[in-house]
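Asks: Protein chains in written order, with the working numbering: chain L, 1 to 139; chain H, 1001 to 1139; chain A, 2001 to 2139.
Watch out, some of these pointers could steer you wrong.
In silico EDC-like links for lysine to aspartate or glutamate, alpha-carbon gap of 16 Å or less [stated by the list, open to error]:
(1) 1002/H to 2139/A
(2) 2064/A to 2017/A
(3) 64/L to 1078/H
Beta-carbon label-pair distances, calculated as ranges [as the list claims (entries may be wrong)]:
(4) 1007/H to 2002/A: 26 to 36 Å
(5) 1075/H to 2056/A: 28 to 38 Å
(6) 2056/A to 1002/H: 19 to 29 Å
(7) 2139/A to 1108/H: 35 to 45 Å
(8) 2114/A to 113/L: 32 to 42 Å
(9) 1075/H to 76/L: 20 to 30 Å
Hints listed in this document are in silico derivations from the structure and should not be mistaken for laboratory results. Idealized CB from N, CA, C, for every residue including glycine.
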Amino acid sequence: MKIINEHITFKTKGHSDIVDITGQVQREVNSSGLNNGSVLVFVPGATGSVTTIEYEPGLVADMKAALETLAPQGLDYDHNLKWGDGNGHSHIRASMLGPSLVVPFIDERLTLGTWQQIIFIDMDNRPRSRELILQITGE
Amino acid sequence: MKIINEHITFKTKGHSDIVDITGQVQREVNSSGLNNGSVLVFVPGATGSVTTIEYEPGLVADMKAALETLAPQGLDYDHNLKWGDGNGHSHIRASMLGPSLVVPFIDERLTLGTWQQIIFIDMDNRPRSRELILQITGE
Amino acid sequence: MKIINEHITFKTKGHSDIVDITGQVQREVNSSGLNNGSVLVFVPGATGSVTTIEYEPGLVADMKAALETLAPQGLDYDHNLKWGDGNGHSHIRASMLGPSLVVPFIDERLTLGTWQQIIFIDMDNRPRSRELILQITGE
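Model the full assembly from the supplied sequences, consistent with the hints where possible.
Replies: Printed below as a string of structure tokens:
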């Protein structure tokens, strides 16, 4: 059993930009040289989330709309009143969907469904450069 | 430390059918021969989620109602317009609740509360046969 | 690779009381003597959740308001009709946000962002004493 700490970086457009990171995660699993185990994808920050989705333009648009319903941008968030950065909705959405995802891999392949991709959602209200932690544990 | 990959299979009724999988997960932990560790329950697909609940008929009905509020079936999802399978709401609900759950076990027992069960929610809009990945890591 | 099972205890006010447990989790990681790995924080019960947030009073208030929107206290939950404990909303919120969080640590430090804390949310409708499981795996 080994633990390998990696990270991936990419740019986002903010505003619930949804980024397919499946390829980057699979490549790090391949580079690890491990056959069986899991990859922990972790967002070191409070305005982004990781989950999975069928990554096609329709659902990407539907998810953005659903996040706007879950925690609308236009509400009077106390966070905005105190800090003035206008991203109260970003924080609430990120906490609700969560910063952490664990995906198994078997024989070097992530055990995703055929129409299932790992996504990062940048809930923040501006473009950002993001770095996610990938911790790969296995044998 | 060992990693053991198993899976469980079952049939669902779809339409947010909520299945108590605690017994199946505990049996796989017992079969693993491991005493301490964790079990990663993973849904290889984009229309199902795993979480925990007090599994009693009242809450099962309440959760179905709450999911209908979270992402109503009747909205005009772009996914439905493009693909015609009518399960846009299924995908959104599944992504929000997530496909992955990690539960510790100590002395061969899942560390669940007395009134806490592990559930799979089939968000899809039709009955399905499901296979979940169980990755058991421990010693 | 080692697995160390610990727990932390604290009191809450219930009613979506949000408790910053980052310090307690980091101390257990330090006490473990492990350098690299992950900590699994698990709620053994069906009315509490773990996630992360920027822990400042504005967002704490915003999160409580958002949870009230997600699953309002005043609805006619079947759970309440059957069991009379009035915490149907607590269960639904807890199942949606989830009982499990995995956070990596590297060189003995949790890989949290600067403005990101680990929180327990007590969704129940009364003050409670809580015990969470911390399972620390690493080397």
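Asks: Determine for every hint whether it applies to the structure shown.
Replies: Okay, the hints, checked on the actual structure:
A distance of roughly 14 Å separates the Cα atoms of residue 1002/H and residue 2139/A; the hinted pair therefore holds under the 16 Å criterion. Distance hint between residue 2064/A and residue 2017/A is fulfilled; the C-alpha atoms sit about 8 Å from each other, no more than 16 Å. As the CA atoms of residue 64/L and residue 1078/H are separated by approximately 11 Å, the hinted pair is consistent with the 16 Å bound. For the pair residue 1007/H and residue 2002/A, the supplied restraint of 26 to 36 Å holds, since their beta-carbon distance comes to about 28 Å.
For residue 1075/H and residue 2056/A, the Cβ-Cβ distance of about 34 Å falls inside the hinted range of 28 to 38 Å, so the restraint holds. Separated by about 43 Å at the C-beta atoms, residue 2056/A and residue 1002/H break the suggested range of 19 to 29 Å. Remark: the range hint 35 to 45 Å for residue 2139/A to residue 1108/H is contradicted by a beta-carbon distance near 24 Å. Distance hint for residue 2114/A and residue 113/L: a CB-CB separation of about 35 Å, consistent with the stated range 32 to 42 Å.
Hint check: residue 1075/H to residue 76/L, Cβ distance near 26 Å, so the stated range 20 to 30 Å holds.
In the structure shown, a violation is registered for the earlier hints numbered 6 and 7, in ascending order.
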